[in-house]
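S.K.: Spelled out, the chains give:
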Amino acid sequence: MKRILLVMGLMGAMSLSAGELLIQNVRLVETNFQSGEVIDLRIVNGIITQIGVDLVAGADAAIYDGESRAVTPGFIDSGTTIGLAEVRGLGVSHDGEQADDDMTAGFQVYLALNEDSSLIPIASNDGITRGLIVPEAGDSNYAGQSALVRFKRGSAFLQEKTMAQHLYLREGDRRRAGGSRSSALGAALEALAESARYDRQPRAFNTNKNRPFNLDESDLIALSAVRSGKTPLVVHVDRAADIIKVVTAFRSYPDLRLILASAAEAWKVAPLLKAENIPVLINVMENLPQNFDRLGARLDQATLLANAGVSFAFLSGSPYSETRSLSQAAGIAVAQGLTWQQAIAAVTSTPAAIWGLTGLGRIEPGAIADVVIWDGDPLEVTSAPVAVLIDGDWVDLETRQDVLAKRYVELLDLK
Amino acid sequence: MIKLWMFMAGAAVSSAISADYPSTYEPPPHAAFVLTHAIVDVGEGQGEFEGWVSVVDGKIAGVGAMDEARPSDTLEINASGRWLTPGVIDVHSHLGDYPSPGYRAHSDGNEATSPVTAEVWAEHSVWPQDPQFPLALAGGVTTLQVLPGSANLFGGRSVVLKNIWSRTVQGMKFPGAPYGLKMACGENPKRVYGSRGQTPSTRMGNFAGYRKAWIDAQEYQKKWTRFEKALAEYELWRISDQGEKDYKEPPSPPKRNLQMETLVGVLKGEILVHNHCYRADEMAQIIDLSREFGYQVTAFHHAVEAYKIGDLLAKNNICSAMWADWWQFKLESFDGIKQNVAMVNAAGACAIVHSDSARGIQRLNQEAAKAMAAGQRMGLSVDASVALTWITRNAAQALGVADQTGTIAVGKMADLVLWSHPPMSVYARAETVFIDGVRRYDRAAGLGPVTDFELGQREEVF
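These protein sequence lines map, in sequence, to chains A and B.
This note's numbering numbers the first residue of the first sequence as 1 and each following residue consecutively.
This note's numbering numbers the first residue of the second sequence as 1 and each following residue consecutively.
Okay, chain A solo, but in the shape it has when bound (with noise of 0.2 Å):
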């Protein structure tokens, strides 16, 4: 497998904010929200240019004073589904998967994505600033490829439009591919190979008929990424048993990048994660035993891949219900053991890491300004953002929900 993260042109660069802003006395929080020294953030052209004490703003700057808040980068969440269903029970308006297919490798969320989706302001209002928006689990193992946006309504939304491949093997998806985990994981592969076949001979596609394709041309080429390394592909598995055999067989494609999602048991396989350097992406707050594959399932599994050297981000998997705040996910985890360091770092630095991001995630001179302004401990549940930047524009934090608020609030003179 390869071990090089993608580096990755970002898209977009004309929406960057023109001209400069100084952002002054923010307290860049390192091992906890109240350590960190009060700094200010000059930020050019939506790029942070310099960080220090006392920076002179520019003649024609904009000028924020963040009041010795804490400041972090904006957040990353791993994999949520915002843009793909304004209301999620409505089957009409949901265009997360593809139905009546047995691979659909090449589906790309982004033709069905809504950049002015209500669900957007939701996220940047709680600090989370880029996400993967992933395909879920239609009637196929590979559900097709997940996009990169950042949560700002508008032309500025879709980022990239292929992040990574997207290949369900949990428990319950096994019944796609003829009820065995034997034949699910055997097709998956049988997949890679067709499309190495495609490779050598591409224009066989519509003349071989002694020996057609299964898979459709667009799924083909989407696993030839794959096989290559250009798209990673995020294998979501449970069971440990299943986590091996992933990982054991997909060491024939020496290129091909292995990352894990949902992942209940990775903690009892964190040496071999570790040593073949694959990263997790977990949804924290699922710790329910919810099947036999999920038996391993535990709160504090992202403090025990942490002792153990592997490498993990963090996901909300919905915007609808429990597990939607990365935040709290953060901030369980840091109750669950985690430094507040490395609980930070699971919604920043190590997804951008992952995602070959770069100057996301962090601070710091020359990194790309998504910037938020806390007024509290970032990971505290009480805790909200005073203000984000996105690409060095300021999001306007006011949801619909707020909007909903204030007119009942008047109505009925609350106080």
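Simulated from the structure, these hints should not be mistaken for laboratory data.
Virtual Cβ for every residue (Gly too), placed ideally from N, Cα, C.
Certain hints may be false.
[Said to hold, decoys possible] In silico lysine-lysine, DSS-like type, Cα no more than 30 Å apart, as pairs:
#1 A:K161 <-> B:K330
#2 B:K212 <-> B:K248
#3 B:K245 <-> B:K222
#4 B:K255 <-> B:K268
#5 B:K315 <-> A:K415
#6 B:K212 <-> B:K223
#7 A:K161 <-> A:K230
#8 B:K229 <-> B:K245
#9 B:K330 <-> A:K406
#10 B:K268 <-> B:K222
#11 A:K406 <-> B:K212
#12 B:K268 <-> B:K212
[Said to hold, decoys possible] Example chain B residues on the side facing chain A (calculated, C-beta under 10 Å, incomplete):
#13 E367
#14 M372
#15 L380
#16 Q457
With chain A fixed as given, assemble chain B onto it according to the hints.
M.R.: This is chain B only, laid out in the frame that chain A set:
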């Protein structure tokens, strides 16, 4: 005569309500103790103080500040550096009915075969070995209501449980807690039955279904009233030979109807109505429905739009059980807002934070904290102590057990949680949980229940 008649009526119908399937839970004995130097919040929304709480025979025997005299002859447990609150209560759970593992073979929460299934009882589905119970205990939950699901207009009876490991559900039942009746508004019943081409398929169909069932219940109640009157006349004749007619045999009772028994229990005020209802306009119509048939709605559950009618809910003395921030997962939750709980509270109505989730039940304190903070940001006057009442006192009130638990008060059950941090912090973990004075969970000591399901195949984590 009237008295005897009342007595008979009570005996005939409420025997079915309270006497059958009784609780066998009896708290084991424990040594008396006093927790000292804790930061105590008694759950009345009045703030916290450094104090002590003494416990004797499963009951709270005394509460005081550290400068007030405390029992000197009992075991002292120094709880310095800990926060002490009443046990957390979840008014909306499906633990045991939708257990983990969550296979079809285990899916026992929705008798989705008819829009009216008031005859089913959630307790008959509870699997006491559900490993989700201990996870909730680690979150400080000492009492929970398990409800049937929301596929039906009338889903069935709920059961209130103490969160203790037991071989039987009877061993978990909260002694003497009233039953609840689960009702559901809106999308779920009309979707489930409409998709089968039967009524209800619309919200108006939902209401027609409620009204028809209540009319049937009224008729059933009359039938029993007539019988009880006839029985009383017979008894009078038998004892004193008075009356207008002679009897060869006593009047025979009508055939029992379990569905109607539950509904009549509501009409008599013995069973509490827990009504799943998202939208404000539907809640207002349910209030009219309850007036039409003369019953009280105890709580609206999932009330994501309660903030729009806080005044109406306060006036009608109805609690709202809410999530902190769930929204938009279905159309009737589209107007869900983070400020909901705090706005209901500010309107003077009874606010509760509930989970409806085996994940959320593990951190109701955090959910209350999120709701509190959202209210504070709106400029509403709410603090951590008030937020605590949303998962303790107010929840006990909605379950009809506020005289027994929900606050730290002398004579109440010693259901207590010692927290590592202020309870409204994400870092707070339940360190020790007492139920009826018995230490059921202790993180440092590695003490906690392990269900049969987990035994030998799942690591114990404290």
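S.K.: For the pair supplied as a hint, B:K245 and B:K222, confirm whether the alpha-carbon distance does not exceed 30 Å.
M.R.: Holds, because 22 Å separates the two Cα atoms, which is no more than 30 Å.
S.K.: Should the interface hint for B:L380 be scored as holding, given a Cβ-Cβ cut-off of 10 Å against chain A?
M.R.: OK, holds: B:L380 within 10 Å of chain A, min 6 Å.
S.K.: If you draw a straight line from the CA of A:K406 to the CA of B:K212, is it 30 Å or shorter?
M.R.: violated, 39 Å
S.K.: Do the alpha carbons of B:K330 and A:K406 lie within 30 Å of each other, as the hint requires?
M.R.: Roughly 23 Å separates the two Cα atoms, so the pair holds.
S.K.: Between the alpha carbons of B:K212 and B:K223, is the straight-line distance 30 Å or under?
M.R.: holds, 17 Å
S.K.: Compare the distance between the alpha carbons of B:K315 and A:K415 with 30 Å, and conclude whether the hinted pair is satisfied.
M.R.: holds, 18 Å
S.K.: Is the shortest C-beta separation between B:Q457 and chain A less than 10 Å?
M.R.: holds, 6 Å
S.K.: So if I understand the rule, the pair passes when the alpha-carbon distance is 30 Å or less; does B:K268 with B:K222 pass?
M.R.: The given pair, whose Cα atoms are some 12 Å apart, holds under the 30 Å limit.
S.K.: Does B:K212 lie within 30 Å of B:K268 when you go C-alpha to C-alpha?
M.R.: Distance ~18 Å between B:K268 and B:K212 Cα, so the pair holds.
S.K.: With chain A as the partner, please determine if B:E367 meets the hint condition of a C-beta pair closer than 10 Å.
M.R.: Nearest chain A Cβ about 8 Å off; hint holds.
S.K.: Any CB of chain A closer than 10 Å to the CB of B:M372?
M.R.: With a closest approach of 7 Å, the B:M372 hint holds.
S.K.: Taking only the CA atoms, is the gap from B:K212 to B:K248 under or equal to 30 Å?
M.R.: violated, 37 Å
Checked against the numbered hints given earlier, the structure breaks hints 2 and 11 and satisfies all the rest.
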